[in-house]
Every structure is written in structure tokens, then in C-alpha cells.
Amino acid sequence: MCQVRASGRGWILNRQQTKTARSGQATDTHSLTIRLQPPPPEDGMRRNSFASLTWLILVLVFVVYLPYVLKSSVLGIRQTVVLLPRSPSPSKRYFPIPLDSLEEEYRIRSADDGKLFREEFNSLPCYYHHGSFEEASREHNREKNRYPNILPYDHSRVVLSHLDGHLCSDYINASYIDVSITCSPKLETVADFWRMIWEQKTATIVMLTNLKERKEEKCYQYWPEKGCWMYGNVRVAMEDFTVLVDYTIRKFCVQYQGSDGLRAPRLVTQLHFTSWPDFGVPFSPIGMLKFLKKVKAVNPSYAGPIVVHCSAGVGRTGTFIVIDSMIDMMHMEQRLDVFGFVSRIREQRCQLIQTDMQYSFIYQALLEYYLYGDTELDVCSLEGHLQRLHNTRAPHDRLGLEEEFRKLTNVRIMKENMRTGNLPANMKKNRVLQIIPYDFNRVILSVKRGQEFTDYINASFIDGYRQKDYFIATQGPLSHTVEDFWRMVWEWRCHSIVMLTELKEREQEKCFQYWPSEGSVTFGDYTVELTGDTQCETFTLKDMVLTYRPEKQSQHVRHFHFHGWPEIGIPAEGRGMIDIIAAVQRQQQQSGNRPIIVHCSAGAGRTGTFIALSNILERVKAEGLLDVFQTVKSLRMQRPHMVQTVEQYDFCYRVVQDFVDIFSDYANFK
Numbered sequence: 001m002c003q004v005r006a007s008g009r010g011w012i013l014n015r016q017q018t019k020t021a022r023s024g025q026a027t028d029t030h031s032l033t034i035r036l037q038p039p040p041p042e043d044g045m046r047r048n049s050f051a052s053l054t055w056l057i058l059v060l061v062f063v064v065y066l067p068y069v070l071k072s073s074v075l076g077i078r079q080t081v082v083l084l085p086r087s088p089s090p091s092k093r094y095f096p097i098p099l100d101s102l103e104e105e106y107r108i109r110s111a112d113d114g115k116l117f118r119e120e121f122n123s124l125p126c127y128y129h130h131g132s133f134e135e136a137s138r139e140h141n142r143e144k145n146r147y148p149n150i151l152p153y154d155h156s157r158v159v160l161s162h163l164d165g166h167l168c169s170d171y172i173n174a175s176y177i178d179v180s181i182t183c184s185p186k187l188e189t190v191a192d193f194w195r196m197i198w199e200q201k202t203a204t205i206v207m208l209t210n211l212k213e214r215k216e217e218k219c220y221q222y223w224p225e226k227g228c229w230m231y232g233n234v235r236v237a238m239e240d241f242t243v244l245v246d247y248t249i250r251k252f253c254v255q256y257q258g259s260d261g262l263r264a265p266r267l268v269t270q271l272h273f274t275s276w277p278d279f280g281v282p283f284s285p286i287g288m289l290k291f292l293k294k295v296k297a298v299n300p301s302y303a304g305p306i307v308v309h310c311s312a313g314v315g316r317t318g319t320f321i322v323i324d325s326m327i328d329m330m331h332m333e334q335r336l337d338v339f340g341f342v343s344r345i346r347e348q349r350c351q352l353i354q355t356d357m358q359y360s361f362i363y364q365a366l367l368e369y370y371l372y373g374d375t376e377l378d379v380c381s382l383e384g385h386l387q388r389l390h391n392t393r394a395p396h397d398r399l400g401l402e403e404e405f406r407k408l409t410n411v412r413i414m415k416e417n418m419r420t421g422n423l424p425a426n427m428k429k430n431r432v433l434q435i436i437p438y439d440f441n442r443v444i445l446s447v448k449r450g451q452e453f454t455d456y457i458n459a460s461f462i463d464g465y466r467q468k469d470y471f472i473a474t475q476g477p478l479s480h481t482v483e484d485f486w487r488m489v490w491e492w493r494c495h496s497i498v499m500l501t502e503l504k505e506r507e508q509e510k511c512f513q514y515w516p517s518e519g520s521v522t523f524g525d526y527t528v529e530l531t532g533d534t535q536c537e538t539f540t541l542k543d544m545v546l547t548y549r550p551e552k553q554s555q556h557v558r559h560f561h562f563h564g565w566p567e568i569g570i571p572a573e574g575r576g577m578i579d580i581i582a583a584v585q586r587q588q589q590q591s592g593n594r595p596i597i598v599h600c601s602a603g604a605g606r607t608g609t610f611i612a613l614s615n616i617l618e619r620v621k622a623e624g625l626l627d628v629f630q631t632v633k634s635l636r637m638q639r640p641h642m643v644q645t646v647e648q649y650d651f652c653y654r655v656v657q658d659f660v661d662i663f664s665d666y667a668n669f670k
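So the sequence shown is numbered by UniProt numbering: it starts at 1 and just counts up by one.
The reader is advised that the hints may include incorrect statements.
Straight-line distance between alpha carbons at most 30 Å, and here's what the computed DSS-like set of lysine-lysine pairs gives [what the hints assert, rightly or not]: (1) LYS448 x LYS294; (2) LYS290 x LYS212; (3) LYS468 x LYS294; (4) LYS201 x LYS226; (5) LYS510 x LYS415; (6) LYS212 x LYS468; (7) LYS407 x LYS448.
These aren't lab readings, by the way, just hints derived from the structure by calculation.
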């Protein structure tokens, strides 16, 4: 039934259609398997020279349709998805792009706010003109369609087996794309969904939407939180789940209840990508590329097609599948053909790839993969990789390690996204003017009554291995920002502070002493009391009680002060860093996973190194894998200059090697 792509794997596109309350529009989910065959170049659509006519149509759509939507929402009438007309691009040929031209082509298309990306996207065919929707339009199948104008073509629909006595039970809003596409479940169709999983012998489900977004349901929860549920004739039991920063992995035991009893159980794995924002596309493609690699690793070679769904099954789902297919094409043909490929799969299901932002995100992900490749390592190969990094000469007579670190400088510092930190009223709050938090992830304090610009502190939320915003990277407090520092601790309920600098180094102040040497000290509305002081081998552990005086409420804070970092260079060995990371993790388990505050002087070099190592070692313990390059690259996209020098970058590798040597039997630390 399914034809496999050159990669030997099938996709099913699973669609959940959901309308937004304001627009009545829907989003879809599909799953599909595609053969990669380079197509002949195709002409783009002709430009409609009558722009005024286009705008007239737009006006008529809103004038005529909007009152209907409002009336329908009141009366409960079923609504259709409104597909607004687009201004077509001029007739143009879009040829496949050789890989050595990809970076330049991306730069050209991105210019002028992505004008050429929009033109290319608008040239895509929307529908297959020879397609029909007879089966989906039959009276007894209409209720199985979330929207009456989002239907599978007859020539590519997925056909289920007939249930006893029900001739119309072979229909599900699902399509094959050279293999298959299926819509993800509504409450009324969840049994059909699991019947499809069973009949197609699917072992992997990819979910690209959250259950709710913007307080609206995007997907019916079709699995049990714990225990087992019967969905029609299919028994689904939750076996295990793992929550990571960008996605969650759930494992189900699935059995079919036939007339002769339960069939042999099968393992079905769901990979749920949770980092797609409510609007637009992910900020970076790094998480999506890691997720895609995990999907490929999890899906067994003997299994049926993968089921993929988002909300409506055209946007995120199409984006995911096109990225995967184009990476395969890059390996096989040293080129990519996004336009031709999307044009072909739209013949199997219309409107795949919903927006020009999703279309350009595909190119962004492919460029990321082309420039940096797969830098993930198994711990068993770490030693050999380090030898190559230290012994191999790269262009310009650089060591491999230096060349790898040099690539990190390609991470652009987004100065246009540092507006708050660069306001005149906030400049004096920055210790180092080159290290300013980005606006999109800066820590925001409450505004003091009657005082402007009091919500700013030089601090950034940073993702952990399993949890978003797990760390707060910040500078060492200045004398006039100490109250802001403790205000941040209080307002964000932080219980762990990691300090990676001395108060003075080389006779220069690196951090103002923000805690009492004994007794207590008050900074504005906050009183800090020292209740314990323990000297460990490479760090000092201080217990403090932070009191917010206006409310007379207190919380416990534990302060980890690492003394093993020399004034110049990096620590001589990694054991001390391993020990303090372990101590902080134990504290987090006891106090709850509130953000960990980490600071050195500027909050970038040593701070970035500590956070990078925390994430890397956590992954090594969980998966036996590491990716130093992408870990540091991700940090630099969240705060400038994280892991500041090639020595600090090398130190990350060496600490991981020390960790592996200490726990040489992998079973001891997994």
C-alpha cells in the first residue's frame, strides 16, 4: 500500500483541523511518505496584473463573509476554512539549488524582508486540478471532516478496513502522498485514528502542536495520561514518557481487540515537539533538526509509515516533512529542490506549507544543516574526536578545535534586539557594554510604583536540557544593582545561586559582595541573613534566608561559590566543575526546579561554560550522547558571547572526557 522514499521510510501525514475563534480558519496535520525524484523545472504562476481586482476580492471576502461568521458562531452553524486569495508572482522558473550555492541563495532570498521567499511561495500551486473529493463529500462522511473544505483527494485518500455492518467505515480524513496522509483525531474519530495506526503497522507518531494554544484546543488528547484506555477496538496503555526541553517522548503498548481476543501487543512511540510557538515559526531550527534526527533513530526499519500531525495538517506538518525530505536529497544529489518538491506533494494534499514564514524556515533549517552538519557524538567516540580536533589542521593552519570554535562566531549578535538594555536609563546597570541581554528572553522585574525603567536587570533566561528557562545567566551585581539582583531572586522564586568569580581578580572588582559575611544585611526591601557556611574542596556553600520586608515573607537560598577558576585561563582539571554541577542538581531536586541563577563577572564566559556543561553532562547521563558545538551555539543565540574563548570551549570537551573517565563503565552513570 505504501511506497517508500529513497530513505526507505514512509510518512503518514496526520491532520487535526482546528478553527480559531477570531477568524474561523483552520490548521491541519498530515503524515506522508515521499519518493525523492528530481522533477523537471516548473514555471511559476502568472502575476495577476490587476492588483485592484485582488484587493476588491479581499474586501468582498471580509464584507460578505464576516457577518456570516459572526452569525454562524452564534447559531452553531459549521464553518469552512477561509482561503484568502493571494497575489500571484510573475511567471518564473525555480531550478534546484546546488549545495555550494545554498548560502548565497538564502542571502539573496532573505533580502528586503524576504521578498523573494514570498514570491516563490506565492508561485506554488494550491490545488491539483484533476483531483476530486467525492468520497469525503458523501453525506455519511461529512461529520468526519472537521472542516467541509479541507478534504482528502479521492486518488490519494487512506482507506480503512470495513467494520462489520458499516459500509461507510472505511473513511478517514487522511491522504497518501506517494504513501499516506491521515488526519489526527477529533473526539468523534479517535477510534478511527488508532485503528489506522494498527492497520498501517505504524510504530511512530510525530505530533507538532500542543493540545492548547492561545487558550484554544488544537488537538484532542488521544492517549491516556496513565494506565490504559480502549479506543474502539484498540487498547492503548501508557508505558513510559520522557520530557525534554524541545519535545516529549511517550511510549504506548497498543493491542487490537479482535473477535478472537487481544492480538499480540505492539510498541508505538509518540514524539511530541513542544517548541513550536503559537505564532510564526521556531526562533532557531536547531531544536527541529535534533527532533527530526530523533524521529529517524526511533522509528524501526520494519515499521509502517510514520504518522505526522499538527493541528490542521498542512503548515507545521508539511514544514517538517519537507525539511526531512530535502536533507535526504542533499545527501543523495548534492542539491535541493524545495519548490519542485512542495509542488508535487500538493498534488496529493492541497495547501501543504501554509505561510511564507514556514517556507523560508525550511530554507533556514537546510542552511543550518548544510553549514554545520551533524555534530552529535556518542560518548564512546569522544576520545577519538578530541584527538582529531587537537591534531588536525584546518584551513589557514588552524587546529580543528580552533576551526570548530570559529564557526560559532557566525552566530550573529542581534543588536537590534537589545533595545531595553541600551536605553540611557539602563546603560549604567550593565557591567560590560558588549554583553546586553536580548529583549526576547531577558528577565523582567516588576515595575516599582512611580519609577520608570525599574523592570530591567542584565539577566537572560537560558534553556536547560529538560526544561525551558531553567537557568538565569546574569552579571556579577554592581553596588547599585544589588537590590535588583535580590528582587530577581525573590520574584522568580530562585533557590540556587552559582558564582564563578572572586569578588576581585587582578585587582579589579568583578562582583560586589551581595551577601553578609555574618549576620544579616539589608538592600532596599530585602534582608539577607547568613545561616550556614560550608567549605567544600573546590567551592563554598552558603545557606541564606531572603526576607521581603514589606510582606514579612522569607525563602531559603543556597549559594554555591566556585573557587577553582584561576584569574587567567581555565581550571587545570574538570573534577571540581563536575562536583559543583552535581551539588547544584541535588539542591534543585530538594527545592524544586525553579531557575538556577548563574553568574561570573559579565555573565557570559564562565557562566556560559557552566551552563553548557550542565546541559551536556545531563544529556550524557540520559542518552550517552553529546553535542558540544550545538549546545554552545544554542547558548550564544540566547545571550551574546556565551563560552567566550577557545580555551573555555576546549574545557567543555575536557570536562566531559573527565566525567566519562571517572564513570568509565557507562552503566554507572546512565
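Which numbered conditions among the earlier hints are violated in the structure presented, ordered from lowest to highest?
-> 1 and 7
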